[in-house]
Amino acid sequence: MLEGILIGLQTALSLQNLLVVIGGCLIGTFIGMLPGLGPMSIIAIMIPVAITMGDPSAALILLAGVYYGAIFGGSTSSILLNAPGVAGTVASSFDGYPMSRQGKAGKALTIAAIASFAGGTIGAILLMIFAPMLSSVALLFHSPEYFALMVVGLSAIAAFAGKGQVTKALLMTVLGLIMATVGEGALFNLPRFTGGIMDLQSGFGFITLAMAMFALPEAVFLVLKPKNLGDSGGEIKDLRITRAEARAIAPVIGRQSIQGFFIGVLPGAGATIASFLGYAVERNIAPKHEQEEFGQGSIKGLAAPETANNAACTGSFVPLLTLGIPGSGTTAILLGALIALNVTPGPRLMIDDPQIFWAVIMSMFIGNLVLLILNLPLIPYIAKLLAIPRNFLIPFILFFTLMGAYIGQNNATELLMLVGFGICGIALKFANYPLPPLLIGFILGGMMEDNFSRSMQLYGGVSFVLERPMTLGLLVIAAGLIIVPILRTRLAK
Amino acid sequence: MALDRWIALILLGICIVYGYTAWFTMDAGLAPFMRRNPIWPSSFPKVLSVLGILACLIILLGLEKGEEKVGEIDHRRLGDYFYGQALLLLGLMVVYALCLRPVGFLLSTSAFLIIGSCVLGERKWHIMIPVAFIATGSVWYLVQEVLGIFLRPLPAFMGV
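Chains as they are written, first to last, in this note's numbering: chain V, 1 to 493; chain G, 1 to 160.
Honestly, the hints are just simulated from the structure, not real lab data. Predicted, not measured: the structure shown is a model, and the values here were computed from it. Glycine is no exception: its CB is placed at the ideal position from the N, C-alpha and C atoms. Any given hint might turn out to be false.
Unchecked claim - Covered by chain V, per the in silico footprint, the following chain G stretches (three or more residues, Cβ under 8 Å):
#, region
1, 113-121
2, 132-146
Said to hold, decoys possible - Label-pair distances were calculated between CB atoms; the ranges are:
#, chain 1, residue 1, chain 2, residue 2, range
3, V, Met470, G, Gly84, 51 to 59 Å
4, G, Phe33, V, Leu6, 56 to 64 Å
5, G, Asp80, V, Tyr381, 29 to 37 Å
6, G, Arg123, V, Pro251, 46 to 54 Å
7, V, Val476, G, Thr21, 18 to 26 Å
Between the sequences and the hints, there should be enough to build the whole structure, so can you do that?
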């Protein structure tokens, strides 16, 4: 391993590759801040650039830098504008955005930068140690386990529900799942619930729904209640985190780095599930008085998803590099880039092309460090975004919301859907229905149905639950996630 | 009836229509060989419709006890808020969506940003107009020229 690390360092620390990783991180951060352009689209756009570079190590280093940068950039728009451009950063807005509204935008961005750095770095260390071992564990997961994992993810909605809100949260989850069934499913290849409308053939767009449920109602609420905006006036009073705050988030970062990494290893799970589960777990294990702070600007609630999504991004490289199986949409695009560069990822990659394998791992360390060094001094300037007068800022938020939906699908009908869903989102928010569960249900719905259907076909019914111990175990955990908060509330009474 | 129950009632209607489609109409055109499968395209939606209807009924009948919580904005005091501006902006978004292709990105976006600021009460035209044009041009250049995503810049009749 030491030899591999040295080879990786030699490759990653060459002047060309250092510039490549810095450039990748910067491009990723700035484009990632635009709602609607997530890591997947940015990497897809950068592939031609990477391929023209010719050197597979440099190409992969560039794309990995872009990936990390985009995740961090996405967190910035989540925290400052409540406009998460990608599913993986939705959970960061739950506490990040309330923090910036309380005038703690600088602190929120600092926590996000540190948590991302820690999650990415610890993830890279774990990747180095566990890559060969974990590939065999990931192979044990089949459709029933994936289905059960999705149920665990959805059960985590208990974390978002307050007192008397459990049914509302469950209803929103079901509504999200219902929306995910519109269009052609991957397994049946039949259009469902489209009403003959061609634009619904491929289902609702994730970005459109995310924008409609988060950014649009938020912008409209800023119009309805102007004092919500500019509480901080863009002043960064407390950029530094105190010793007590550092002590509070340190264990969260430690736990979520490990949990996020292992979730990222599972193909299909990725940063989204990792961030939601991270948030849910930290909320559930927090002391009761701290639980109430979640969703109101809790530093733990921000550190958990930020750490978990970065660690999961690193973890998602395990099946790609060791098995040649992409664990997420983003790594699927990376796989395409590698094949275009005549590199075949898989168990032989470490033997045949060790410089590529280790250079990528080393570039993860460098990329995370570069992101921290670049972003910490930039935070006061990034947070100045909040100082822009409301009359200018709101039309821009609405414009970026519209652009996010339009760029994703290149279809003007999507914009009308965005406004329609946005009005529904505003009504739901008025009635105090929690919106995050709807989006979680929508994101996981397709994958959940596919895995459920495959399990049913393989086992000829629901017997897979009893026949596969890991599935049963995960379903028991899911039940626990719902029952424990209810019992806690009852015992407290 | 509280607003959350009205919404639950609307959602109940949606779940019933969804459930009716899943239980009674979806499987009509199913090929005979697919009928022998343990899972049908309607299986998952059937489960979801039942769950949705149950959740709506629990909210409608008030079976889950909890304190009544007022949301971020109290809808009963809507008169205290700037709802006129909000409605105008939503209308402006619809107009923008309809104009984006025929009018072109540069004109429709600049107009959207200027009118949007104007609706919110801004009258500093010397700032609004240059900011809108510069921002529109920069975004168009970034999206179309750098990222390669097509955005028609000018009106369709100009042939661009």
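Here is what the structure says about each hint:
Only residues whose beta carbon comes within less than 8 Å of a beta carbon in chain V count, and the region 113-121 of chain G has 5; three or more means the coverage holds. Coverage of a stretch by a chain is defined here by at least three residues with a beta carbon nearer than 8 Å to that chain's beta carbons; for the region 132-146 of chain G and chain V the count is 3, and the condition holds. The given range of 51 to 59 Å is respected by Met470 of chain V and Gly84 of chain G, whose C-beta atoms sit roughly 56 Å from each other. Checking the proposed 56 to 64 Å range against Phe33 of chain G and Leu6 of chain V shows it holds: the Cβ atoms sit about 59 Å from each other.
Distance hint check for Asp80 of chain G and Tyr381 of chain V: the Cβ-Cβ separation is about 36 Å, which falls inside the suggested range of 29 to 37 Å. At roughly 52 Å, the beta-carbon separation of Arg123 of chain G and Pro251 of chain V lies within the given 46 to 54 Å, and the hint holds. Taking the beta carbon of each, Val476 of chain V and Thr21 of chain G are about 34 Å apart, not inside 18 to 26 Å as hinted.
Violation of the numbered hints given earlier is confined to hint 7; every other hint is satisfied by the structure.
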